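The listed protein sequences derive, respectively, from chains D and R. Under numbering that gives the first Met the number 0, read the first sequence as residues 0 to 505, first letter to last. Under numbering that gives the first Met the number 0, read the second sequence as residues 0 to 505, first letter to last.
These are calculated hints, taken from the structure and not from any lab test. Some hints here could point you the wrong way.
[To be verified] FRET-style restraints, in silico, Cβ to Cβ:
1) D:K231 to R:R89: 30 to 38 Å
2) R:R371 to D:A256: 17 to 25 Å
3) R:A232 to D:D157: 29 to 37 Å
Predicted, not measured: the structure shown is a model, and the values here were computed from it. Using N, Cα and C, we set each Cβ at its ideal position, and we do this for glycine too.
2 protein chains.
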Amino acid sequence: MKTNNDWSMLREPGNGHHGMVCSGTNCGADWSMPDAKPGSSISPLDPAAATPLYRQIYDRFRDAIASGVLKPGDRIPSARALTQELGLARGTIDVAYSLLAAEGYIQPRGQAGTIVTPDLKPRGPVASPRPRTDPALAPPSFRPDSILPFQMGLPALDAFPRKVWARLGARCVRAMQPGDMVHPAVYGLPELRSQIAAYLQVSRGIICSPAQIFVTSGYRHTIALISQALLKAGDRVWLEDPGYPPTRDVFGHLRIAAVPVPVDQDGMVVSDGIRRAPKARAAVVTPAHQSPLCVSLSLPRRWALLDWATRNESWVIEDDYDGEYRYVSRPLPALKSLDQEGRVLYAGTFSKVLFPGIRLAYLVVPEPQVERFEEISQAFAGGGPQLTQAIVTAFMAEGHFARHIQRMRKLYGERRDATAAALESVLGGAMPIDSQPGGMHLILRLRGGRSDRELVARMMKAGLYGEALTDWTMARDQASALLLNFTNIGSRRIAEDLGRRILGLL
Amino acid sequence: MKTNNDWSMLREPGNGHHGMVCSGTNCGADWSMPDAKPGSSISPLDPAAATPLYRQIYDRFRDAIASGVLKPGDRIPSARALTQELGLARGTIDVAYSLLAAEGYIQPRGQAGTIVTPDLKPRGPVASPRPRTDPALAPPSFRPDSILPFQMGLPALDAFPRKVWARLGARCVRAMQPGDMVHPAVYGLPELRSQIAAYLQVSRGIICSPAQIFVTSGYRHTIALISQALLKAGDRVWLEDPGYPPTRDVFGHLRIAAVPVPVDQDGMVVSDGIRRAPKARAAVVTPAHQSPLCVSLSLPRRWALLDWATRNESWVIEDDYDGEYRYVSRPLPALKSLDQEGRVLYAGTFSKVLFPGIRLAYLVVPEPQVERFEEISQAFAGGGPQLTQAIVTAFMAEGHFARHIQRMRKLYGERRDATAAALESVLGGAMPIDSQPGGMHLILRLRGGRSDRELVARMMKAGLYGEALTDWTMARDQASALLLNFTNIGSRRIAEDLGRRILGLL
């Protein structure tokens, strides 16, 4: 990459203040560059012009790039430096730069400064892929190249039926009528709630009516909604330890006290929760595949948990984020399907079965609580945009959803086996792999007191993603292990390459 | 409309329990109708079949409708009645019914029961217009027919550039790449934040960097986000009285105490706020057009408010929901544009300038608070779906947004004048109309101690929408008045028709 440290291009020769100097609209070639042609018509930026200052700056950069005065790879001054240079408000420069960045003209490179986009091509500002990692660091064989290898929480992005999605999306957006533009039903699009109810009955063994389903904009929103409706600051809640960190995070901000409850091979140790906080107001569990240990909550524990909740009038929050993805047998029915007493709040999400960027999740509430959740949803006006909900509804109604889940269950089983076998062959001696019935990631145990956090830090530097089990742990005595998502690892050969790179970092 | 009260169609002759009786997949014509052909092959619903029960029920209704056994307008049993009839779980019936309703086969009619959709046409489940009012009640000349006349909070739905929107939407949905499917930036799509920053500078006089902008899923979400970041339960907040009821509602659920502050011709009476609660943590104001009285906050009051906030380190929350819609002169700059000390949080929304169903709003926070809001947004994972944000970004980047606002300002000025003139001519004697510089609704004063709430109730029964000023009021001494949105009133003749209908209800 060519860099250009000569910022004098931004200063008018002999004039340190008004650096970007040209007049009218056709000023692209008139930059006060050292090599600008002598005698060119130059004048200061005009704060009184009809064109706002940010736009004048934006125009000059864009024109300079278009005319070749600034070349791909050239470094441009930092916003701070240009702010000082021009004596303008920082916000003005920031707006200009961010528009330029949004439209692809320039690229911020962190410590390395901001450069004119290398390999610049004309393109619109919208929905262009943004590489999350430097392509030079990622192995060329890794797909898709916009995410890091082993990045957690992602489904197989390459296997999503984007064409079907785009077709349905285009149809839905064209079908928008005035009636669809008014305030949406705050509990979610009625058609979507019906589709979800039908899906839950068939796939997760949950019998509920659409009125019990509340569409949310993600799992954290679901937890906030439950807290708003049923909990209050100061309440205590059992959380699995280790467990999904965002759950702690949300409760922490709501001033709800987390009680860590250990997890063993049968899932959350319910008796331990009862010993530690018998009067807790709620327990959050991941019964299908514990997050992150992937064990299933045993049937006796399920009964014990429901029994405790019923006796104490406490709530069980079932986080069923990937219940479908079990590879050794049929998916287990949801804990909710055993809930005769109406103590279980079921939190489902489209993040894992569709994609996380969709920001769409849902909550099933026991029938007697429906009114309370309607009240809270009205107050905070929940629900996502109609368009996304309409697309998901069509995707479900036409059978794509069920087909996609079936295909992914098969694909993930294959990718899991291939990735596990490859990593085992390369890393098995140093890092034995847990065997689990389901989930979307592998757990590699670190031996000999090695720090998972340090390994993860080295991996991130090398362009590899991993998470440290220690970071998912509240108590201090948890074993050291690496969590690696396998859903985007396309072949055994890729996994072996990646495994060798991890081996080099040990 | 034909109704059919003979529910015996659902019972097998001589068998009161398994009413819906047929076998296999081709059972549509085999309903146990009184007029079913004798000897037809019938068998009970099969709980053990691969096809779930709700689907079996759904299939039978659908087939019965398709084959003409059930005809458009026929009444079908209530879900409760059918639950008892079949001895199944209520949820099973609810799922079947809601799928049938979602796909347009049946229509719930409240007390009148559920009927097979009259004038049934094949159609998908998605994005079909849902009439919000009985067409028989609405005057035939009123457009669009999916909302009520005078419905508050709505822009002119008929004037929205739906074709442009659909074209951009289809392009954005087709352009989705794997990189766009991962977790979105929780503060909002960077390109959208840049567009908003540029828009605010040009149109509202606000200089801010994109990093100060947080995209939310609506005004209530914005208020909740501010409360989470800067307020705590027990804090006191000044609210305009009268004022937008949802603001009270959200704060109430967050246990933040509302201090009503009166509004006069110059907007919120700041001195009164200082007298009532000098140490309040925040004040919510609608400076451009007070909601609902449409007066503007005077410049002395703006300075007084900022001065109070600076001295007390309190926050001013500027709700600029319709700042663009001023008809007597140029829109006033936002209060935020005067904010030298970083005390103003600016709440903008796309609900009024695009449409409410979009569920997209934004917040500008003072620079020193950016980090705190980033932390809170991370915890609760704010932001809307990428797709909607991408469409809005394109809509703004290509100039449609600015053009649309210009067109609407002109159109609303015309519709406001026409509606006001028409209502004045019909109702002026009984209900004088306030003169206001902007906004999206008219205020009709009720004379002689008439109750605005009672009039609104009568209007709703007659299929007309209105809101009572009393319902926007916290203190008890507010005058009685009717709030009528004019943005969807397409002509003076329509407004006169509607005015005469109101006159008949006085």
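Hints, verified against the model:
1. Separation of K231 of chain D from R89 of chain R is about 31 Å and conforms to the stated range, judged on CB atoms against 30 to 38 Å.
2. With their beta carbons about 22 Å apart, R371 of chain R and A256 of chain D fall inside the hinted range of 17 to 25 Å.
3. For the hinted restraint 29 to 37 Å between A232 of chain R and D157 of chain D, the CB-CB distance of approximately 47 Å leaves it violated.
The earlier numbered hint that this structure contradicts is number 3, and it is the only one.
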